[in-house]
Amino acid sequence: MGVSLKDPAVQSYIVYSAILALKLIALSSLTGMKRITKKVFANPEDAAALKGKVNLNDPEIERARRAHLNDLENIPAFWLLGALYVTTGPVAAWATLLFRVYTVSRFIHTFVYAVVPMPQPARGIAFGIPYFIKWYMGIQVILHYAAAL
Amino acid sequence: MGVSLKDPAVQSYIVYSAILALKLIALSSLTGMKRITKKVFANPEDAAALKGKVNLNDPEIERARRAHLNDLENIPAFWLLGALYVTTGPVAAWATLLFRVYTVSRFIHTFVYAVVPMPQPARGIAFGIPYFIKWYMGIQVILHYAAAL
Amino acid sequence: MGVSLKDPAVQSYIVYSAILALKLIALSSLTGMKRITKKVFANPEDAAALKGKVNLNDPEIERARRAHLNDLENIPAFWLLGALYVTTGPVAAWATLLFRVYTVSRFIHTFVYAVVPMPQPARGIAFGIPYFIKWYMGIQVILHYAAAL
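If you read the protein sequences in the order shown, they are chains A, B and C.
Anchor point for the first sequence: position 60 equals 60 in my numbering, and the numbering is continuous, going up by one each time.
Anchor point for the second sequence: position 11 equals 11 in my numbering, and the numbering is continuous, going up by one each time.
Anchor point for the third sequence: position 97 equals 97 in my numbering, and the numbering is continuous, going up by one each time.
Simulated from the structure, these hints should not be mistaken for laboratory data.
Here the structure is a predicted model, which is why all the values come from computation and not from measurement.
Some hints could be false.
Given that identical chains are not distinguished, each listed pair holds provided it fits within a single copy or across any two copies.
List of simulated lysine-lysine pairs, BS3-like, C-alpha gap at most 30 Å [unchecked claim]:
#, residue 1, residue 2
1, K23, K38
2, K51, K39
3, K34, K6
4, K38, K6
5, K53, K34
6, K6, K51
7, K53, K39
Chain A with its partners taken away, still in its complex shape (with noise of 0.2 Å):
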């Protein structure tokens, strides 16, 4: 018994953890050419290279690095949950509803935090619905395997 690749929650985790694993990966992109347009680099070797200097509170950078790192403290633990949760045969039009929502969600915080920043409430809101599929998730799984703790 397992999952197979052919189950449609399984296919639906698959594309939406890869679009999530590229737009993480942006953000490191959205820093860079941050840095390059500013010319504030962490690290003298870059600031040497491009002609810029280092400066470690730029808060446009700090901004971006913040929305980096909420990535960082949300996608993996997405990544796990998600895989966990279609071990647990969900309903797949569920478990695809559950995983658009997430993606779309984690995209919108982007968005407003480091993109377009906006007044609160909108990026709790962006970070609040994803947090909660998460934990929805992650009970789900501990109840489906608790005989095994």
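Position chains B and C relative to chain A; hints supplied.
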């Protein structure tokens, strides 16, 4: 040949990994609650919405953030190494013991780091035991699949 | 239909992912050793236990921490994308080549960043090659499973 969801080592991996995922993301809430209680935020829009101020150097909040970062540096590597380790066919009782000790130690780590800060070596021990478990599992995996290098 | 642990691409994924996991967590030890050598710590309880002082701005230690964070921003995304990529049925020799180049490049990245800091573009190249490999694998995965969007 693959892993079966009926294998007790696999089920144990799943349930402890899910617990660790919820524990990891719970640190977002811990930091958030401390921010709201102390009215100290990282972003001007948060300070504006909650009548607080921006401060990136509050010792208690920075401590919670370091505990969170330490989880990020350790728990995703456990998810990966634990999953690969169960594919090497370990004795289920032994694998379960490792996962259990790992999980309990990481809870203690967070407790002595950010909930009730304690003198060393409390945190060092709570870091070292699960760190050693990851090295053990990783080396077992590499030895088992060394022919694929 | 699934993936087999006898598939050479799967075995290659497993062994290189395990190596990258140990490499990632080894950076905790690198930073720890630098802290102990320089007697510079992030927490007052650590400084008290080891007769050092608290300093969050030591350039050498901050450099090691940035190298560690860069691994966190990249290696977990490789674990996810590599695992999904092998489910798309790539030619094993090609997948193995990607995993090998990825792993070697990330070791070089850490070396030129935090062990023997070197002028750019050393670190830029060592970052760019594995970054491109992740994008390549992610796009292959999304194209293969696009029907599940």
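For K34 vs K6, is the C-alpha pair at or below 30 Å within one copy, between two copies, both, or neither?
neither (42 Å within a copy, 45 Å between copies)
How do K51 and K39 come out at 30 Å by Cα distance, when the copy is not named: within, between, both, or neither?
within (7 Å within a copy, 33 Å between copies)
Alpha-carbon proximity context of K38 and K6, limit 30 Å
Cα proximity of K38 and K6: none, with 47 Å in one copy and 50 Å across.
Could you figure out if K6 and K51 sit no more than 30 Å apart (CA to CA) within one copy, between two copies, both or neither?
neither (52 Å within a copy, 51 Å between copies)
Is it within, between, both, or neither for K23 and K38, if the alpha carbons may be no more than 30 Å apart?
So K23 and K38 pass the 30 Å test inside one copy only (23 Å; across, 33 Å).
Within, between, both or neither: K53, K34 at alpha-carbon 30 Å
both (13 Å within a copy, 26 Å between copies)
Pop the pair K53 and K39 into one bin, within, between, both or neither, using alpha-carbon distances up to 30 Å.
both (6 Å within a copy, 28 Å between copies)
When each numbered hint is compared with the structure, violations occur for hints 3, 4 and 6.
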